[in-house]
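A.B. asks: Given next are the chains, with one letter for each unit.
Number of protein chains: 2
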Amino acid sequence: MIKILIDCFGGDHCPQAPVEGALAALAKNPELYVMLCGDEAILQKELQGKTYDSSRVEIIHAPEVIGCDEKPTDVVRLKRNSSMMKAIILLRDRDDISAMVSTGSTGALVTGVLVRLGRIPGVIRPAFCPILPTMDGGIVGICDSGANVEVTPAHLRQFAIMASLYMENVYGVEKPRVALLNVGKEAEKGDDTRQEAYKLLQETEGVNFVGNMESRDLLSGNYNVVVADGFSGNVLVKTTEGTALELLKKLKKEIFSRTIYKMGALLMKQMFTDMKEFMNYQNYGGSVLLGTSKVVVKGHGSSKAIAVEKCIEQAYRMEVSKLSAKIEAEISKYDHYEE
Amino acid sequence: MIKILIDCFGGDHCPQAPVEGALAALAKNPELYVMLCGDEAILQKELQGKTYDSSRVEIIHAPEVIGCDEKPTDVVRLKRNSSMMKAIILLRDRDDISAMVSTGSTGALVTGVLVRLGRIPGVIRPAFCPILPTMDGGIVGICDSGANVEVTPAHLRQFAIMASLYMENVYGVEKPRVALLNVGKEAEKGDDTRQEAYKLLQETEGVNFVGNMESRDLLSGNYNVVVADGFSGNVLVKTTEGTALELLKKLKKEIFSRTIYKMGALLMKQMFTDMKEFMNYQNYGGSVLLGTSKVVVKGHGSSKAIAVEKCIEQAYRMEVSKLSAKIEAEISKYDHYEE
Chain Z
715 MIKILIDCFG GDHCPQAPVE GALAALAKNP ELYVMLCGDE AILQKELQGK
765 TYDSSRVEII HAPEVIGCDE KPTDVVRLKR NSSMMKAIIL LRDRDDISAM
815 VSTGSTGALV TGVLVRLGRI PGVIRPAFCP ILPTMDGGIV GICDSGANVE
865 VTPAHLRQFA IMASLYMENV YGVEKPRVAL LNVGKEAEKG DDTRQEAYKL
915 LQETEGVNFV GNMESRDLLS GNYNVVVADG FSGNVLVKTT EGTALELLKK
965 LKKEIFSRTI YKMGALLMKQ MFTDMKEFMN YQNYGGSVLL GTSKVVVKGH
1015 GSSKAIAVEK CIEQAYRMEV SKLSAKIEAE ISKYDHYEE
Chain C
715 MIKILIDCFG GDHCPQAPVE GALAALAKNP ELYVMLCGDE AILQKELQGK
765 TYDSSRVEII HAPEVIGCDE KPTDVVRLKR NSSMMKAIIL LRDRDDISAM
815 VSTGSTGALV TGVLVRLGRI PGVIRPAFCP ILPTMDGGIV GICDSGANVE
865 VTPAHLRQFA IMASLYMENV YGVEKPRVAL LNVGKEAEKG DDTRQEAYKL
915 LQETEGVNFV GNMESRDLLS GNYNVVVADG FSGNVLVKTT EGTALELLKK
965 LKKEIFSRTI YKMGALLMKQ MFTDMKEFMN YQNYGGSVLL GTSKVVVKGH
1015 GSSKAIAVEK CIEQAYRMEV SKLSAKIEAE ISKYDHYEE
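Protein chains in written order, with the numbering used here: chain Z, 715 to 1053; chain C, 715 to 1053.
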């Protein structure tokens, strides 16, 4: 049995989306056991009338609520009975629990995990690795995308190692093609950090490094992993999502502006639905936090049930593939100058 | 008469695009005088058979060619007779010339301009400010987008001042809404540079600072200027362009996959053409370099004639609006700790 904690209070659609997502994942994976964290009475009510295998569902009572404006460090220190912090502490303390999924505050989650859970031995900094669909039907992982706004070349190399193993073990991508996000393709582009990272990545046998990537090529399908500092990685991911969403909105507005367009769109209805689904990040799960001592998956704050279900599946596959042990083994092969 | 130098050898469509773009701009602006820089024989041939006011066209012979892989510093030092370097030196030395436009190498242009042309008094670093269309029909300028991969809070404040004046004077945007690119909206987000810049921008009277912007909101129309370091600004602009282009490609591919879609698309032909034009960066001119002692506009390497024409118009409007003098006056109001 694989036990996964679900932080049920944090996202925009709580607790409905986490609970429904958990039950959907439960129905598909007979080896899954979910632990729903949050206010017991509210969770009981949410479960009422639903059909599920109750022997694989447990409620962890965590009544405290994290406010939007609370500082991550205050949350970690003062809100031990919030659904997120309780999940982190349980994950740390109980050997029988494998992973946690949260759609709550990114800042609180990163701080909580760093302070209370800890890292895989050898890992300097955990990093987020969300997945985006590429135009050829593949996927690309971006690591880091927000856990570390400042990085060193050694961090970037570790991100490359961890994300490669993740893509290989969880998504079956063979020899993932790894690129370094930069302002140009040439080796000498970017600041000192980028130039040094370029050299380090070239020397790293476990990484199939193919060079620098300019951000306009992210969706081309030429890369499976893009390594970046958390600031520009965040810009990369959010700009892609934002541009896609804004263009879809614009398309919709244009279509409704003339009758003939509406007629045309009617013939293309299935195509537009497919495109929308293709670009809907809810279908690609969450942003896993690579390098933590146990599996942590962060879903979008706007996650609906389907997105939470995908996050749970990601966590499940990370655990089953023994990703953490593989990361530890690979990281230990190289010298990483510590912080 | 406003004299503008055109570097005719550098982009993908040279010299045809710069020459045709220059002649198109010439036809529209009776006060414009263009100086075409490059190999005289080739330029003469390109001009042959075209109709234009020859009293306002001059050829500046510059036979040397800049290779793709040449280091910017080598270009500046060794290729004084290349079309780009000759233009920079002429722009510096002749009072009667107002501006230059180039679609050549960004690195060589930035280095050449810094070393040979110089800055507006008080400006610490010149910065690129390309323009993107927003979904409400407006525009947004992103400053910096690649001239400075590393910045200080003082740089970011100057970018805000320069870009505000640019949007106001060249595009008629009143009290441009200025945002700082960051990983979240809250004032305490990002690294020390971002946090310090946030405070500086709040204190800057000449800037209508509205707070942090997350990259997914770039096209929302809520902002007229986004201030960023050159690295993440570059990622922001290129990701937006890349995502839009990839989605259009995907849309086209989908349409051609089924007959019924092709029929639908036929009814929507005008709409798709409009969308494509709307997203075509060639229509929005180049990336002006703000803060240089004379006007410099950099067009995309892929610029066609229409894009070069827009670049020339931008340069013309910058000169006519006396932007440089306004930047100098505004910058002088604040203390900027020097590098």
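Check before you lean on any hint, since a few could be wrong.
What the hints assert, rightly or not - In silico DMTMM-like cross-links for lysine to aspartate or glutamate, where the CA-CA straight-line distance does not exceed 25 angstroms:
#1 K903/Z x D783/C
#2 K785/Z x D783/C
#3 K1040/Z x D809/Z
#4 K785/Z x D809/Z
#5 K976/Z x E991/Z
#6 K903/Z x D906/C
What the hints assert, rightly or not - For the chain C half of the interface with chain Z, some residues (derived, Cβ under 7 angstroms), not all of them:
#7 E864
#8 V924
#9 S946
#10 T954
#11 E968
#12 L981
#13 M982
#14 M985
#15 D1049
Keep in mind the hints are simulated off the structure, nothing from the lab. Even glycine gets a Cβ: it sits at the ideal position worked out from N, Cα and C.
A.B. asks: Give me the numbers of the hints this structure contradicts, sorted from smallest to largest.
C.D. replies: Going through the list in order, the structure violates hints 2, 4, 8 and 15 and respects the others.
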